[in-house]
Amino acid sequence: MLRLAYRFAIKCNSLFMDFKSFSLPRKNPPPLSDFVSLENRRNQQRAIGSGEILISWHHEPDVLRAYSTLDISENGARVILDCYLPDGLTGLALFHRPTGIRIDRPSIVAWCRAVRENQGRLLNYEAGIRFF
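Everything in the sequence shown is counted per my numbering, starting at 1378 for the first residue and increasing by one.
All the pointers check out, no bait thrown in.
Estimated spans, in silico, between C-beta atoms of each pair:
{"id": "1", "residue 1": "H1435", "residue 2": "E1503", "range": "17 to 23 Å"}
{"id": "2", "residue 1": "R1493", "residue 2": "E1451", "range": "28 to 34 Å"}
{"id": "3", "residue 1": "N1495", "residue 2": "L1441", "range": "31 to 37 Å"}
{"id": "4", "residue 1": "N1495", "residue 2": "L1431", "range": "31 to 37 Å"}
{"id": "5", "residue 1": "P1475", "residue 2": "N1501", "range": "19 to 25 Å"}
{"id": "6", "residue 1": "D1481", "residue 2": "D1459", "range": "22 to 28 Å"}
Since the hints were made in silico from the structure, they are not lab data. The C-beta atom is built at its ideal place from N, Cα and C for all residues, glycine as well.
Generate the whole structure from the sequences, applying the supplied hints.
What follows is the structure, encoded as structure tokens:
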């Protein structure tokens, strides 16, 4: 048994000695003109008002969550939450009520912040959900 372990160690060491480091080819970043500027994104037409968006998060694919929308556009929505959602959380935005619009697009939490009243008491959270 010891001899077998010794042979395995020698074989592993020889594999590590033959290993050559590699690097991934470096890609040039896309030009800034390919990105939607912050000003253009904020000037997009938004539907303002109450409604709900249904989202299934990837960590709970069998559960649909309904979030009240403050506004919604083709590229995302601003929603009201009872709890904090971490930036980068991904899911599938499915449906907007009461308009009945099917979204069916992958989504990500772009930002989430606490909403407080003047005395500092926490009221709720708001989050920006971006659709892909």
